[in-house]
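Same order as they appear, the protein sequences are chains S and F. Count the first sequence with the numbering used here and you get residues 2 to 110, in order. Count the second sequence with the numbering used here and you get residues 2 to 114, in order.
Just so you know, the hints here were simulated from the structure itself, not pulled from any lab data. Check the hints yourself; a few may be wrong.
[Said to hold, decoys possible] Some chain F residues well away from chain S (every beta-carbon gap over 10 Å; in silico):
{"hint": "1", "residue": "R16"}
{"hint": "2", "residue": "Q18"}
{"hint": "3", "residue": "R23"}
{"hint": "4", "residue": "G43"}
{"hint": "5", "residue": "L44"}
{"hint": "6", "residue": "K45"}
{"hint": "7", "residue": "V84"}
{"hint": "8", "residue": "S88"}
{"hint": "9", "residue": "T112"}
[As the list claims (entries may be wrong)] DSS-like, lysine-lysine: derived pairs with alpha carbons at most 30 Å apart:
{"hint": "10", "chain 1": "S", "residue 1": "K56", "chain 2": "S", "residue 2": "K92"}
{"hint": "11", "chain 1": "F", "residue 1": "K52", "chain 2": "F", "residue 2": "K72"}
{"hint": "12", "chain 1": "F", "residue 1": "K45", "chain 2": "S", "residue 2": "K92"}
{"hint": "13", "chain 1": "F", "residue 1": "K63", "chain 2": "S", "residue 2": "K102"}
{"hint": "14", "chain 1": "S", "residue 1": "K69", "chain 2": "F", "residue 2": "K45"}
{"hint": "15", "chain 1": "F", "residue 1": "K63", "chain 2": "F", "residue 2": "K45"}
{"hint": "16", "chain 1": "F", "residue 1": "K45", "chain 2": "S", "residue 2": "K102"}
{"hint": "17", "chain 1": "S", "residue 1": "K56", "chain 2": "F", "residue 2": "K63"}
{"hint": "18", "chain 1": "S", "residue 1": "K55", "chain 2": "F", "residue 2": "K72"}
{"hint": "19", "chain 1": "S", "residue 1": "K54", "chain 2": "F", "residue 2": "K72"}
Here the structure is a predicted model, which means the values were calculated and not measured. Heads up, the beta-carbon is just placed ideally off N, CA and C, and yes, glycines get one too.
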Amino acid sequence: KNEVEQSPQNLTAQEGEFITINCSYSVGISALHWLQQHPGGGIVSLFMLSSGKKKHGRLIATINIQEKHSSLHITASHPRDSAVYICAVRKSGNTPLVFGKGTRLSVIA
Amino acid sequence: NAGVMQNPRHLVRRRGQEARLRCSPMKGHSHVYWYRQLPEEGLKFMVYLQKENIIDESGMPKERFSAEFPKEGPSILRIQQVVRGDSAAYFCASSPETGDGYTFGSGTRLTVV
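Kindly generate the complete structure, drawing on both the sequences and the hints.
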């Protein structure tokens, strides 16, 4: 079993829909990252969380440390949000990230 | 602040040649990580370095792969005698001592023909 599990694996939404991507992890962590990768593109760090909730524009990320669970929400989704969203955790300090397999999001106009 | 710079962006090598991938971390970042993304697969850790030291290389294949982060200059990931299975995107990331501000480079896409 992977230490970081994401769901769903694939997601198709209509433009304007509210989107939720989930991430569960099975290890103790010092931080959780949400990353975005467009096809053939680089990796952009969206959020780093150790507790609570963060918001940036239409993106919201939450984490529940007790339940070892995080969610990424996209409000008013747009076709340009189409990308792979990756959850990654850091177990402590400066240790390397452990990644989920990603969620492939397609937003259709 | 130019961010994490990786070069080249694309690299084509014939089987048996050597590939050298470079990563310049963000200014003020002393920790460098290399990750590999095989086609249609997730990201996997390869090696974690600080200046002149390899901290964790548990994700590196035992043969043909090496990495360094010298006192001066970029971090280098070196793959000797490349094979088709080495074709992948190689990403570098850097972070400061505190661990905040974790930043990825744009990646090097290696194609072995």
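Requested in this report: Confirm or reject the statement that S88 (chain F) sits farther than 10 Å, beta carbon to beta carbon, from all of chain S.
Outcome: 14 Å, holds
Requested in this report: With a cut-off of 30 Å on the C-alpha distance, tell me whether K54 (chain S) and K72 (chain F) pass.
Outcome: 39 Å, violated
Report task. Take a quick look at whether K63 (chain F) and K45 (chain F) sit within 30 Å of each other, Cα to Cα. Result -> Cα-Cα ~15 Å, so holds.
Report task. Hey, is R23 (chain F) genuinely clear of chain S, shortest beta carbon separation above 10 Å? Result -> 15 Å, holds
Requested in this report: Given the hint that K69 (chain S) pairs with K45 (chain F), test it: the Cα-Cα distance must not exceed 30 Å.
Outcome: Given that 30 Å is the threshold and the Cα spacing comes to 21 Å, the pair holds.
Report task. Could you let me know if the closest chain S CB is still more than 10 Å away from the CB of T112 (chain F)? Result -> Correct as stated: the minimum Cβ-Cβ distance to chain S is 13 Å, above 10 Å.
Query - Proposed proximity, K92 (chain S) with K56 (chain S) (alpha carbon, max 30 Å) - result: With a Cα-Cα distance of about 23 Å, the restraint between K56 (chain S) and K92 (chain S) holds, given a limit of 30 Å.
Query raised in the report: Is it the case that K45 (chain F) keeps its Cβ farther than 10 Å from each residue Cβ in chain S?
Result: 7 Å, violated
Query raised in the report: CA of K45 (chain F) to CA of K92 (chain S), is that 30 Å or under?
Result: Holds, at about 15 Å.
Query raised in the report: Given the proposed pairing of K56 (chain S) with K63 (chain F), does the C-alpha separation stay at or below 30 Å?
Result: This hinted pair is violated, its Cα atoms lying about 42 Å apart.
Query - Cβ separation check - R16 (chain F) to all of chain S, threshold 10 Å - result: Correct as stated: the minimum Cβ-Cβ distance to chain S is 23 Å, above 10 Å.
Query - Closest CB of chain S to the CB of G43 (chain F) still more than 10 Å away - result: The assertion about G43 (chain F) is violated, with a minimum of 5 Å to chain S.
Figure legend: structure checked against the earlier numbered hints; hints not met, in rising order: 4, 5, 6, 17, 18, 19.
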